[in-house]
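Protein sequence lines correspond, in order, to chains V and C.
Going by my numbering, the first residue of the first sequence is number 1, and it counts up by one from there.
Going by my numbering, the first residue of the second sequence is number 1, and it counts up by one from there.
Hints were generated in silico from the structure; no laboratory data involved.
The structure displayed is predicted, hence computed values, not measured ones.
Where a beta carbon is used, it is the ideal one built from N, C-alpha and C, also for glycine.
Just to be clear, a hint being listed does not mean it is correct.
What the hints assert, rightly or not - Examples of chain V residues lying across from chain C (beta carbon under 7 Å, computed):
(1) Ile-192
(2) Arg-532
(3) Arg-538
(4) Val-539
(5) Tyr-797
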Amino acid sequence: MSQVSRPPQAREPVAIVGMAVMLPGAPDLETYWHNLRAGVDAITDVPADRRDPHFHAGVADPTKPVPPDRTYCHRGGFLAPFDIDAAGLGIMPNSVDTIEPDQLLSLRVASMAVADAGGLSTLGDPTRIGVILGRGGYIGPRMVGLEQRVRTVRTVMRVLAELNPGMSPEESERVRSALLDPFGPAQPEAAINLVPNLAASRVANRLDLRGPAYTVDAACASSLLAVDQAVGELDSGRCDAVLAGGVYHGHDDTFWAVFSQLRALSPTQGSRPLSRDADGLLIGEGAGFVVLRRLSDAHRDGDRVYAVIRGVGSASDGRTQSLFNPDTAGQQAALRRAWSAAGLDPAAPDSVGMVEAHSTATPVGDASELTALAEVFGAPPGSSAVIGSVKSMIGHTMPAAGVAGLVKAALAVYHGVLLPTLHCSEPNPLLAKTRFRVLDEPRPWEGAGPRRAAVNAFGFGGINAHVVIEQDVTPASSGAVSVDEPERVLRLAADDPTELSRLLDAHADNPTGEPVGTGRYRLGIVGPNAKRLSVARRVLARAGQPGWKWSSGDVWFTGEPLLHESGAKTAFVFPGLEAEFAPRVEDVAALLGETPPTIGTETVPEHVAAVADVGMLLHRALGRMGVRPDGFAGHSIGEWTAAVLAGMFTGDRPGIGLDGFPMPEVDYLALGCSVEEAAAGIVGESDVVVSHDNAPRQTVVCGPPAAVERLGVKFRAAGVFARSLPFQTGFHTPMMRPFVETYLSAMDATGVRPGTVPMWSATTADRYPADVAALRRLSADHLLLPVRFRELVDRMYAEGYRVFLHMGPGQLGSFVADTLADRPHLVINAASGLRTGLAQLRRLGTALWVDGGEPDLGALDRRTREPGKSEVDKPVRPGITVRVTTPTLAVQAVRGLLDRRVPLGARPDLPADLPETVAAELAALLAETDDTVRSVVAAVAERPKRSNGHRAHTPAPRVVPSPPSGAVITKAPTAPATVRTSVLRISVETMPYLRGHRFFRQRADWPDETDYRPVVPATTLVEWAQRAAEQAWPGEVAVAVRDIRFTRWVIAAPAQDMEIRVDRPVPGGPVIVHMGQSAVMAVDLAADYPPAPAPRPHPGPLDGPVLTHKEIYGERQMFHGPQYQGLTEVTAHVGDQLCCQVAVLPAPGSVLDNVGQALGCWLQVKAERRILAFPVRVDSITFHGPPPPMGVRVDCVADARLPDDSAVEMDAEVTYHGKVWARITGWHDIRLDCDQADHGVYAFPRDNSLSTPLADGWWRAVDRWTTLASRDVFVGVYLNAPERAEYAAVPPREQRGWLLGRVAAKDAVRGWLAEHGGERAFPAEILVTGDGDRLRVRGHHGRSLPGLRVILAPGGPTAVSARVERTTGDG
Amino acid sequence: MAETTTVFDAVVELIGGLVGDDLDILGVEVRHDTAFHEDLGLESIDLVTLAGLLTERFGPRVNLAEHLAEFDLDDVIGLTVGQIADYVAACLRDSDGLPEGG
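Chain V on its own, in the form it takes in the complex (with noise of 0.2 Å):
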């Protein structure tokens, strides 16, 4: 127990054994504890994306009252957009834009802090594991989203309807959806994520925790409440854990309102506690956690212990003059009740090193806080201790404030650094009278007995909380081994062994972590202890014989280091299954950021896939610290984990021996003997062969069940270890051959190439061969042959190779011990199942570094980064983003709405000097734009309950029901297993999306929606087939689409049934996707995208005119509707290279569209002829995350080419914050035949015509048509339903002329009706009928027209020319 005597009432003494935060400028507790250290000002303007213009507009006079919907401050502590793990942490990618986000950086800093503390599994039993959390009742942005829906858009409705008396029911509801849209469909299994409480009670369910999980609240003492609550629980024995803390998260407009009203923010926007200038605060934001356990559990569990709670008090003011100002008696009363608790004297000179005040800086609440300190702690003489605020850095992070002060105060009691307070350097006056200075810098905290701090939390409403901790000075019990602490490392090196013995003397009591001297003797000992120590004396004492080295106990030493050779080499040596595995390395993959990986060995392929994915881990950690391989080896499926890494393999994991890959049943049973007594001893049973030769002591055979079974009696009858292994494979053994080929597909299926590093194979116990057939061979060979480890360790020593790091915990590098005995090499595990995995790091580092090496150990232990950076670094598996940015109603859309009584004249939107005849279309387009909102919002509406949570910023805009809604997935009955068919309903009625891309324009109340031509765009297909390939084959995403072939459009109207094939040969190779006869593309499969490669470089300067959003659709340079009018900006630039901006819509597919309508953009500038493009094939996408969320934007850069007249082809990027998303090689367009002329016939074919007028009332059409395709096109600006029936039936040779024929009547028409005075009219408007020279024409779908004929005359071999006759009204 504690040194120190404890009353008899006092509570057990609790222990801090994990701490996380993410707060301003620190996004883990490594930064934080950098940032304190060196005094990072966190605090910043407002962020742009986070700033609304009117609150923030400022006032003239900051210190005059502002109105509520202003705010005079604009500055604060802001934390960046996190990522979440939302796989890892089991959370619906697609919910993650439900939740609050307060609950999602709860859960993830808890789950950093359970890391931090070892994992749950040290914490003990679950359903005895509390979690407590400080949260005030503030507004959050989801909270705010439901406010708009509920209340915000009734409001707005009623007053339009005050403004528009004449607004009908239908318009009312057409506009209360448009303002609705970007919130997206009400999704009621939502609504739960909204509740407060969840931001404790979803830690308790994420990982599992049985005991209370609830918030509490009270204001800015919420967090040391929480503790407070949590110490209660563990004395009392409830609990064995708790995991206590506080988030403020959000900074709702609101919450600034309400202190910009009651003057609390500082108006010279400066955050500056304890100092005589402070004026006032600054909001901060956060969350932070501590994992409590009884210091007695903590110490037989040898926990790393940060600091001890000795004592909480807490205590209200009572009634006093205001509940805003605070009270010092209250403040009083807190503190003395945890001095009490700590049965300590607050009063005693030595009492305390340092306070955490709660300081925030109002001149009112720091005067009434030194007043408290002054009457508490008093000023004997020969006290003196350190006060600070940690809100001068990240501003007052209100309820998790306590927290934060917490985290810092025990940090500086752990690592015994007294930390400084920024904007301080006139102290408040009233310092003087405590015992209590302010620091500008760092300081050692020194002096007798441990080091005691104490932290305030003052709340509004005289809520008062104090903390008092100190040092951990108990001495962990001996004999634990899951010591997980930062043990420091004495790494001492000199020229002879006396030095090095002297500087031992001189350092053993103070290792500084970093090496000390130079020379060839190096001795290095992780966690100097007596005992380890002595080990060290008693080994130097024989330094000076010739050879003598020593790895034992914690202690290296040698005189001749191995790295030290010339040609001295390192290998990393990769384990493959081995009967025991159970590394622990949660905490090497806290420290990379990552989720720790799934354990598994159950089933061989969660073995296989456990033991890769450790070894990666374990490569990155290595990689961390600066350590790097001369080579790889891998012991059996080993290879396949080195395969991975020195890129002979894709994928983040081998992609073999997993789920679905056939092996054989035989045992294997291991041998205590050499290979060459194992052989002997199987000669009687011929089934069964050696299948592993490990090491001079160890031999596998393999074999069928009964005939191990009786060689293990036979072998340990003769006093040989035999033990069967727990798994079968059948791996390196000719039982192998049957299923050999589905392995090698797969491999064939991602590739196999030489790697980047040397390989070894311990197949042919020599060099992996460079070519590629002979890779493959060698690929079939390692499953079907023995492994001859010993003689590749033999081999590889033979090389050069001296130092062999193994790449997991277990038993292979004792097989290299074996092999190598007494030859001078280093082997050492790099993870172990006794102790944490940065403790195995460290000795891993320091043995490396006694033989030459050069690791760096302090990676180990902090995470090395520039001050006040504040990215995390990247967690391998992409994490999903979360932001607070709430969405608002969308008055944009609405706009189009209400504005359409407004005269054309008038439109505000439309500049001046636009053509007559593009304003009059965008009026049309306006006047159409409430059937494409309703559109929009059917679409949205449309969504099924399977991909709900989407809507604006959701991560995953699978907006449509991929593949989708309706159509029925199953097996045909005839085909194959590995394939899988569905039908898919294609029409506008189920896809209202389709009608944003309508290939033709239409009079606006045009009935027939085939004359519109909707078609599904082909990036959609794109998009449905991975789903469906995702849905065929669960668990794993989409991460590539290949050889992508569009042979037809899937035309929308008449509705279609399409068929989605997709078939998987070879089980984890690709899925071929037939998409009906349009399409067909290979989509790779993988458990996840792989990681994003660097983006290109932007582009040079511009050239060419930037082209708009207004340009691009106002113009209709694209044909497309508003559901894929995604396009913010399209530029040009030099070196035939294109940027856009992408606004990501619910539409699938729509962001690669809309990178094809920015190539179509490009080409239209740089083209004069064969404007119109269409794609045709892709090489491929690749997918380094999921789909952006609906609403970002995306940027895309592409060079595109024009290999010749009839295409246009690029390669392309798309990033999503600044991150590869997807890239896009050889994406092919066709060009159709269409100038700059024409293309205004497409794009506005009421106002211009193909036919040229001629004398006489005389319209020719000439043939222009190269191709069938572009002719199609023309046949649907032109043809209506009937005519295109009529045209199909014309015999093919004769379509051209019967088309121009038609062409040329209808234009003859329009010319007709201008000279008139009649309306304008689209092609379509106009039926034709009739053979011959002699044609009739009537009215179309309400239009009336005059009884007119039309008379044809051949214009030449390839033009028509048709002239109007008035009829006398027969027609």
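Take the given structure of chain V and dock chain C to it, following the hints.
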């Protein structure tokens, strides 16, 4: 009891030979509860050598391979010197003769 003690000393001597000077430097006194892996730093592969030494010293009746076949892997890893000595003593008691050379 005396026999067990003698056997224990003999086992300690064998293990001392296996671990060599390291015992002195590590300052480990080999006792009943000294763990093969954790205290002596030996790997399971080293049991092969120990089994050979035991058979050599006490005769083929002492068959560590057979004995440990019934142990869980965890137990093998946590094996102590005392457990080995007890096993050897039991083997010798069960057989009539005295150990060779003992």
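Against the structure, the hints:
Given hint, V/Ile-192 at the interface with chain C, is violated; its Cβ is 43 Å from that chain's nearest Cβ, farther than 7 Å. Contact between V/Arg-532 and chain C, as hinted, is not supported at the beta carbon level, the nearest pair being about 10 Å apart and thus beyond 7 Å. The restraint placing V/Arg-538 at the interface with chain C holds, with a minimum CB-CB distance near 4 Å, inside the 7 Å limit. A hinted interface residue such as V/Val-539 counts as satisfied when its beta carbon comes closer than 7 Å to some beta carbon of chain C; here the least separation is about 6 Å, so the hint holds.
Among the interface hints, the one on V/Tyr-797 is violated; its C-beta lies about 18 Å from the nearest C-beta in chain C, farther than the 7 Å criterion.
Violation of the numbered hints given earlier is confined to hints 1, 2 and 5; the remaining hints are satisfied by the structure.
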